[in-house]
Every structure is written in C-alpha cells, then in structure tokens.
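**Q** Same order as they appear, the protein sequences are chains A and B.
Counting in my numbering, the first sequence runs from 6 upward without gaps.
Counting in my numbering, the second sequence runs from 247 upward without gaps.
Any given hint could turn out to be false.
A few chain B residues that don't get close to chain A, going by computed Cβ distances all over 10 Å [to be verified]:
| no. | residue |
| --- | --- |
| 1 | I264 |
| 2 | D358 |
| 3 | R404 |
Straight-line alpha carbon distances no greater than 30 Å define the calculated DSS-like cross-link-like pairs of lysine-lysine that follow [said to hold, decoys possible]:
| no. | chain 1 | residue 1 | chain 2 | residue 2 |
| --- | --- | --- | --- | --- |
| 4 | A | K352 | B | K357 |
| 5 | B | K479 | A | K352 |
| 6 | A | K225 | B | K357 |
| 7 | A | K12 | B | K449 |
| 8 | B | K318 | A | K9 |
| 9 | B | K305 | B | K429 |
| 10 | B | K318 | B | K307 |
| 11 | B | K478 | B | K449 |
| 12 | B | K305 | A | K225 |
Cβ-to-Cβ under 7 Å is the rule here; a few derived chain A residues that face chain B [as the list claims (entries may be wrong)]:
| no. | residue |
| --- | --- |
| 13 | A215 |
| 14 | V218 |
| 15 | M219 |
Derived by calculation from the structure, the hints in this document are not laboratory data.
Think of the CB as a built atom: it goes at the ideal place given N, C-alpha and C, for glycine as much as any other residue.
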Amino acid sequence: MERKLPKKLNFVLTLLFILFVAFLLYLANEKLDEYVLRVVRLIAIYGVMAVSLNLINGITGIFSLGHAGFILVGAYTSALLTLSPEQKMMSFIIEPIVPWLANVHTDFLTATLAGGALSALFAFLIGWPILRLSGDYLAIASLGFAEVIRIFALNAISITNGPLGLKGIPEYSNIWWCYGWLFVTVIFVASLVNSSYGRALKAIREDRVAAEVMGINVFKHQLISFVVGAFFAGVSGALYAHWLTTIDPRVTTLGPMLTFYVLIMIVLGGLGSISGSLIGAALFAILFEWLRDLEEPFVLFGMRVPGIKGMRTLVISVIFILVMIFWQRGIMGREELTWNNIYRWLKRRGESG
Amino acid sequence: MSEIALEIKDLHVYYGSIHALKGISLVVPKGQIVTLIGANGAGKTTTLSAVAGLVRVQKGKVIFEGQDITNKPPHLVNRLGIALVPEGRRIFPNLTVYENLLMGAYNRKDKDGIKEDLEWIFQLFPRLKERLKQLGGTLSGGEQQMLAISRALMSRPRLLMMDEPSLGLAPILVSEVFEVIQKINREGTTILLIEQNALGALKVAHYGYVLETGTIVLEGPAQELLNNELVKKAYLGIA
Numbered sequence: 006m007e008r009k010l011p012k013k014l015n016f017v018l019t020l021l022f023i024l025f026v027a028f029l030l031y032l033a034n035e036k037l038d039e040y041v042l043r044v045v046r047l048i049a050i051y052g053v054m055a056v057s058l059n060l061i062n063g064i065t066g067i068f069s070l071g072h073a074g075f076i077l078v079g080a081y082t083s084a085l086l087t088l089s090p091e092q093k094m095m096s097f098i099i100e101p102i103v104p105w106l107a108n109v110h111t112d113f114l115t116a117t118l119a120g121g122a123l124s125a126l127f128a129f130l131i132g133w134p135i136l137r138l139s140g141d142y143l144a145i146a147s148l149g150f151a152e153v154i155r156i157f158a159l160n161a162i163s164i165t166n167g168p169l170g171l172k173g174i175p176e177y178s179n180i181w182w183c184y185g186w187l188f189v190t191v192i193f194v195a196s197l198v199n200s201s202y203g204r205a206l207k208a209i210r211e212d213r214v215a216a217e218v219m220g221i222n223v224f225k226h227q228l229i230s231f232v233v234g235a236f237f238a239g240v241s242g243a244l245y246a247h248w249l250t251t252i253d254p255r256v257t258t259l260g261p262m263l264t265f266y267v268l269i270m271i272v273l274g275g276l277g278s279i280s281g282s283l284i285g286a287a288l289f290a291i292l293f294e295w296l297r298d299l300e301e302p303f304v305l306f307g308m309r310v311p312g313i314k315g316m317r318t319l320v321i322s323v324i325f326i327l328v329m330i331f332w333q334r335g336i337m338g339r340e341e342l343t344w345n346n347i348y349r350w351l352k353r354r355g356e357s358g
Numbered sequence: 247m248s249e250i251a252l253e254i255k256d257l258h259v260y261y262g263s264i265h266a267l268k269g270i271s272l273v274v275p276k277g278q279i280v281t282l283i284g285a286n287g288a289g290k291t292t293t294l295s296a297v298a299g300l301v302r303v304q305k306g307k308v309i310f311e312g313q314d315i316t317n318k319p320p321h322l323v324n325r326l327g328i329a330l331v332p333e334g335r336r337i338f339p340n341l342t343v344y345e346n347l348l349m350g351a352y353n354r355k356d357k358d359g360i361k362e363d364l365e366w367i368f369q370l371f372p373r374l375k376e377r378l379k380q381l382g383g384t385l386s387g388g389e390q391q392m393l394a395i396s397r398a399l400m401s402r403p404r405l406l407m408m409d410e411p412s413l414g415l416a417p418i419l420v421s422e423v424f425e426v427i428q429k430i431n432r433e434g435t436t437i438l439l440i441e442q443n444a445l446g447a448l449k450v451a452h453y454g455y456v457l458e459t460g461t462i463v464l465e466g467p468a469q470e471l472l473n474n475e476l477v478k479k480a481y482l483g484i485a
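Model the full structure from these sequences, guided by the hints.
**A** Shown next, in the form of structure tokens:
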C-alpha cells in the first residue's frame, strides 16, 4: 500500500521541473513585453514575502502582523547601499544624508544580504519582548512595532530622506535575481519545515503547552523561526525596492497595507503550505494588476463607468471575504504540491476510474 | 524504605488571589505507582503542573532524584527525565501519529533506542501501529489517550506523570488503560497518577493521597485507602 516514489526519481523530477521553469523564465525574458515581465518578476517578489510570512504565521503559528516592517528595513537598507553617492546627495534635500552613509556603495547581492541581515537583527530585538505574548496580543504588538519602524523611516530624515523617500534606485531586480532568491527561500524554508526542527515548529502551532512538556524550548524555536522569516522578508524588501525604484514610508507602499496583502496571499493559498503561498502570491499579483482596469473608465453592458480610485483594493477585499466564508482552508490547505502527492492523487483517480 | 524519585515539600501555588495549593507534601518512591485522588478543583492538576514547570510555585520545593527542580522551565524538566501526559490528552492534531510519537523523543539523539521504544509501544498499543500515517486529530478518544501516553513514554522518562488518563473513555478502555499503567510500571517506570476514578486508581497504585481544596487530608497504602470509611463514602460511592 506504500504509495511513494523512489527518492532518486523524486530528485530527477524536481531537477527537470526546475530546468523547465528556468527555460520558461528564459523564454519569458526574451519574448514578453516589459509590462508583463514586470508582473512576472513581482510574482517572485511576492512569493518570497509570502513564503517568509508563512513560516512565521502558518507553520510556527505566530500571528505576526509586522511583516511590512521587516520588508521596509530590507528595502531601505539595500537601497541606501546601491544608490550612488551622487544620487544620494541629490535626493536628500530636506537634510543632508549622514556622512557614514553618504559614500557607501555596494553591489546588489551585498545590499540584499545586508537588508536581510538587518531585518533579522530587528526581528531578534523585537521578538525578544513580543514572543512572550500570544494570540491577539502578539498580533497587535507586532503591528505596533512595524508601525514604529515605519514612523522612524518617516522621521529619521538624515538617514531615510523622510517623507520624500528614496528615488532613482537602480532597477536591479531582474527576472534571475527575483526567481533566484525565490528558489533559495523555498529550498531553505522547505528543508527547515521538513527537519525535526520544523516538526517542533508545527507542534508549537498545534499545542504550545504540549510542545513545552515534550521538552521543546518554545521561546527559542519561535524566535529562530521569526528571525529566519524576517531575514527573507528583508531580502524580499530589497528585491521590491529595486523593482519599484522609488520607495517611501507611506501606509500603502511599505506599511500595514503591504502586510495585509501578504496575509491575503498566504491565507488564499493555505496557511502552512509553501506551495500554497506561491500560488497565493501569483494569484494576488495577477489579480491585482488585472483589476487595475477597474480604476480606469470602462464600459459595462453599454454603460460608461468612470474609473474609481481604490476600486481594486475593494474588489480584492470582497474576494478575500468570500474565500474566508466559503473556502477557509485556502487553495492548498496544509498540503504541499509534491511529486508524491501528485502521484498518489493520480493513482487514486486511476483506481476509482 | 526504597529510594525516592520525587519529593514535594510544602508546596504553595496561587492563581491571582486564589490559593490553589496550600502546602502540599508528598513522596513518590522509585518504582512505585503513587496516586493523587480528589474531586474537581481540589488541586490535582495544579500539583502536576507545578512539578512540570507549567505554573509558578510561590513557596515550597520540588525535588527530583535529589535535585531541586522548583520552577524550572518545562522543557528542562522534561530533559531531566520527567514526562507528563497532560489533562485532555493534548496530542498534536495535524501531525501524524508517527510524528506525534517522534515529538515525544525530541530531545533524544539515540536513534536505535528510539526505534526500540517504538517497537515496545507497538506492543503496548498494537492499534497505534495501524494508525501510524493517520493525523492525530482523526483518532478516536481512546486512541488519542493511548497516543498521549505513548508520546510521553517516547522520552523514556524515569517518572511518568499522568493527568486523568481514564477521563471520557468507555468502561472497557478504562480498564485497558489501567492495565497498561501497571505494565509500564512493571517495566521500571515510576508513576504519579492523578485520577477522579478513585477506585480504578487505588486498585493499581501502591500508595495514595487524598486531596481536598488544596490540602492533603488523607494518605496511606492504596489497599488501606480502599477500605477507609471516608474514602468509601466520598470517592467510591459506597455507603
């Protein structure tokens, strides 16, 4: 009755799949127009955001609403490192930039890693107090900390250029960087989840007290999951900044709205499922771009409808509410898209058919 | 007198302003089954939680094999060799039976020993072996209780604390659970058993304590307690 594929076949299939996706991406990069390509890249960036939040929320069960804070740290850190000294001097018109930041200039990879690392450090410092809370209290505290980070970015003018934000960030986030980082994120998080360590994280999600008496140091495990999640959030922030090319500390760009978007992705895809997060991220990115048409004037059943600003956010929210009512587990639930699961599913269909 | 596994000295626990344990002292000798019986709200679960490190002890001492473990965090208490079968089973519903069992052995590195213990558990509870790939939450109540006991055993504890293992089980399963408790004890594990089912508990135990609103009102060898007039009246329902 063992319905399992041999390990070797599993590996070969995975390798073929990765090569196939790489080939598709290569084709997309060559053939698709700039606008569609931007969405394709955004899917990968959202994917990194979603997978990292899923590690914290879906797998460890820490109901964190602070993801945008970590994304912001990654975005600003990396942008300040890749902007040329001249560009920085030009942008900082309210107050000149602090001297220790004025002349640093690094390549994109270093900047991304620095963004992730600083984000992880923030998570470590924030996690220390807030992980002692649980449930709703933790959600509110994490939301609060993310806002503190955002307000800091708004007011530390000599570091972040305040409300004006950073402009002219080089558009380094090409298709290979985005999907490369997505690949690293998925591999890292998936191997973490499938280790005995990941099993402990899931046990904490299921029953914190029982996990404690099983000898799991709950606080330490949660903190590590929080820090790893924040690292990849920082990385996604770096990719996002170099995709947007302009970042500012408004609520809608790197504030609570972004946290809620990522939350929608992982709930839509299925809390606790990595493949679900990826599907959720792709759906969200495509849907959100497609709904842009609602904000332009359009014709519906022969009637002219004027474009309404913010309409797409409204529609997304309604869709989200409907999903919550009728499809609570999301698309994947807690299942993963693995070769074994596909094989088992095909076999079951074959047996019943 | 044989060696002492666990000793509780004058234990006081408060929940806010409620004085839940008012100076409890008890001794669990090595290799024995000691039971703590009493009505709802007497402080039985609180006593176990205090030993396990889940609630704060305000006054008093908990000593395990000569070592003071008062207010040690739960994961460290487990590492010392104390396992708890918590009230209400608390298995991990979305992990498989196998994963649940492995969680019990989380702090162990000896792969061969873990395998051996798994085999031993399948002998104790053959039904778990059939359900290995199933999610914990899909088991019946009785199977979940077996899983909870097995999970605790997977850490190969020297002291096993059980919180109402017979609660909510069909009568036939209740006697099965008590039989298993005796079997586990015979293989060398010391057991501290908490029960509302006083009759069942006293029948398998060597020694018993009766707890009432946070204090121990009576203690003695289990056989004596079974024949005690007060116990008969209040807990066994025999007039």
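**Q** Broken hints, numbered, in rising order?
**A** 4, 5, 7, 8, 9
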